[in-house]
Amino acid sequence: MNVDGIREMFQNGKSVEELVHSIFDKIEHSKLNAFVTLAKESALEEARRVDKHGAKGMLGGIPIGIKDSISTKGIQTTCCSKILEGYIPPYDAHVIERLKAEGAIIIGKTNMDEFAMGTSTETSCFGPTRNPWDLIRVPGGSSGGSAAAVAGGEVPLALGSDTGGSVRCPASFCGVVGLKPTYGLVSRYGLVAYANSLEQIGPFAGNVKDVALLLDVISGYDPRDSTSVTKKCEYLKELREDVSDVKIGVPGEFFGEGIDEKVEKAVWGGIKALEDRGASYTEISLPHTKYSLAAYYIIAMSEASSNLARFDGLRYGLRLGKDKDWHTTFSEIKAQGFGEEVKRRILLGTYALSAGYYGKYYLKALKVRTLIKRDFESALKDTNVLITPTMPFPAFKIGEKIGEPLALYLADVNTVPINLAGVPSISVPCGFAGKLPIGMQIIGRHFDEATILRTAYAFERGMK
Amino acid sequence: MKDVIIGLEVHVQLNKLRSKLFCSCSTQYHDSEPDTHTCPVCLGLPGALPVTNGKAVDNAIKVALALNCNIEEWTMFYRKNYYYPDLVKGFQISQYDYPIATNGSISLETEGGERTIRIKRVHMEEDPGRLVHVGTIDKSKYSLIDYNRSGVALLEVVTEPDLRTPKEARLFLNKLKNILEYLDVFDSSLEGSLRVDANISIAGGKRAEIKNISSYKGVEKALLFEIVRQNNLVRRGVKVVQETRHFDEVRGITISLRTKEGEEDYRYFPEPDLVPITIVDRVDDIKKTLPELPDAKRQRFVLQYGISDNHAKVLISELGLANFFETVATEVDANLSATWIADVLKGELNYRDLDISAFSPGHMVQILQMLKKDTITENGAVQVIRTILDEGGTPLDIVERKGLQPKMGAEASGNITLRVIEENPDAFQDFCKGKNEAMHFLMGQVMKETHGTVDRSTVIELLNKSKKEKLQNASDNHREA
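Protein chains in written order, with our numbering: chain A, 1 to 464; chain B, 1001 to 1481.
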């Protein structure tokens, strides 16, 4: 299911309402558990409106799934945490306003790791999402619901958020395209924060063209986000197959220990395929890569410990039977509302920010972050893009790693440096390990989404 | 008294701003229902982001300049993490390292002479919501929260421990308030516009921090109470512990909230949703907009108008009063204006709990002109002022209505007094014998005849003169006989 295909269906007389009905039918019979809340009424109403007045806007009548960490007016938004049970936001995120303005139809909210903390979508209070390629495996995370919904043909487009790989990891595991934009390109207004300084909302689709289209819709300056900037171009217009001017850098550190052999082989195959199409490559080094996981987790957990403080059940979200005094009540709500992984990260982050440890951990992590950012800037001086495996291995089994948080953290080794550096990165399918898809990560210069999209597009065309 | 060391942390609302510090919600909530001036940002709803109100930063720079501070090149916000039900996000956006200004000062005129109180730092932060405790804070069964105040811009002014007496603390606050009102960034009349944390220690002992005192008088009272409490402890040989105390305004006492061990670690870290703000390039423009400040105005009033320093001090104590004086003084004699405004009008306003906006400068000019032309007595003028304040009306109407017309010339009032004496020989006789009631009776008759337009002193003078003449005559007659 892709946008062009749907437009063709509309042209052949299929109504938007029929399409939306069939989508809900499919979701309701699905084994994936990709959606956690459906916006049936509003979606059908919007579909009928489009049928009556014609499909207008860049996404007229096109259905889309939204990660449950993005605020949607009138549709329950929980970040798949019990603590936000029943929270129906009174406002739309910037990206939702943009989607509505362009005529998209919001189908519902997709599953995710609780507060985006995870690599497998197993920490959701709604239970795990299943990988459409193999139902006993995870879809990746944290935006696993969005990736699985697209891969499973439930929706053509979806939005996720990426703090340390949460768009690219599930894109890789589910064999779809997912992009993490440059920090600042897409307004975070309405994205429930996990780690503010790292995350971006990003598009998922079955192909590069649709990702570019969705990025066109959601990107651009929003005065409500102080870190937001004005975009330079329209990404769909910039797509072409020519990569003869593209210089690829291949950082050795990203092909290191722990990388599955089949993954390594598939990614090198991708690089060679691009070379065949006229691109050139050189092997380069990003020397501070080995510190990135440590720096990432300190920064992300520290920010999270502060961001999640607001969930006290007082104004919205989980309420327990009987209120006691303030301290007892909010402690009990937090104790019962947050899951294990979330508690672990809040505690670690609280510790890292505490008096006497701030300089040792948080400040040091910020310094490392600067070094990593410089690594990327210097590597991308002589190259346009860097190519690496997105994930070290293909999708693992549900339950296989959930008991080993550290092993799961290590799975983010190739994705977190990108968030630390703030550069854009896209994951495109580049082959299979058995029946499991493998993702190739293409990283670009700050605000040069056009080049990574073009590289991914050329590669995708070559695969066909 | 042993050495007392006081330092203040003063939180003032930048309540002349139209919108809050990080969102566009209105700050004019004082007459509104709870939670009606809120939005996703100031309610801290999941996903909402703050955006700094540039005008608030400009106002903070103004204050920093007026307090003679060093202004940093750039400034940034931090998160101060703590849990409290009035705090919607579980943290307050505040400043920590790189505050907007440091190292300023305010000079105070105290009983012990001129003193300089150093300002350690000035920083911006957001106001939490307002908690309403049912009953008192320590016994309340439940509390209500109003988030209208949540996100209003606050300025925290932190002094060095330079204050020595509770009275100095109050003088400092008055001076600060005065400066802020001159800068047009602060309206002290609004409820909750000022909150003070006061640190106090005695003779090198541990310090107590009294939190959240919400009135100028309250600060002085709380500190006086603390001095007595700490002195009593020392006298009984009990060590003063470092602790946070709450001031109960109603009971006039401080109560312990928590000791040092319970002090919170606020886990400050840079607010990732906001970017650092360069301020150095705004300072010069803002400097140009700075108004004349109270001390400068006081000096100018003395020099330009030749009025006494005491009058100038009263007149500059409120910007409205100072402007009122200048308007009036350009029309009539400056010294007369100063006396009548600073001594009479200000007193009448204070008595009625009114401010200068209750009186029109045009009316004052008319009254003073009448006084100048001797067409009204001083008593009459006071009556006119009181009537305007109590009932309204214009000076000319009131003079007419109350029969306060043209003061009798000395001759005319003399004639009337003599006539009254002639018409009331018995009373005059009694008066000459020293009977007070007779004097009151005669005075009453004169006042009745003149509609109160003569000075009592003139009448008394005339009565005494007549009495003297009468006695003189009597003794002359006696001698002749």
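Careful: at least some of the hints might be erroneous.
[As the list claims (entries may be wrong)] FRET-style restraints, in silico, Cβ to Cβ:
1. B/W1074 - A/G256: 38 to 46 Å
2. B/W1074 - A/R315: 57 to 65 Å
3. B/L1131 - A/A101: 47 to 55 Å
4. B/D1138 - A/G57: 54 to 62 Å
5. B/C1039 - A/L406: 53 to 61 Å
6. B/C1039 - A/T230: 21 to 29 Å
[As the list claims (entries may be wrong)] Pairs of lysine to any residue residues, derived as SDA-like cross-links and limited to a Cα-Cα distance of at most 20 Å, are as follows:
7. B/K1139 - A/D245
8. A/K272 - A/K290
9. A/K324 - B/Y1098
10. B/K1141 - A/H327
11. A/K324 - B/P1270
12. A/K322 - B/Y1098
13. A/K247 - A/P223
14. A/K364 - B/P1270
15. A/K364 - B/Y1098
Honestly, the hints are just simulated from the structure, not real lab data. Since the structure is predicted, the reported quantities are computational estimates derived from the model, not experimental observations. The beta-carbon is built from N, C-alpha and C at its ideal position, and this holds for glycine as well.
Practice task
Go through the numbered hints given earlier and state which of them the structure violates, listing their numbers in rising order.
Solution key: 2, 3, 5, 7, 8, 9, 11, 12 and 13
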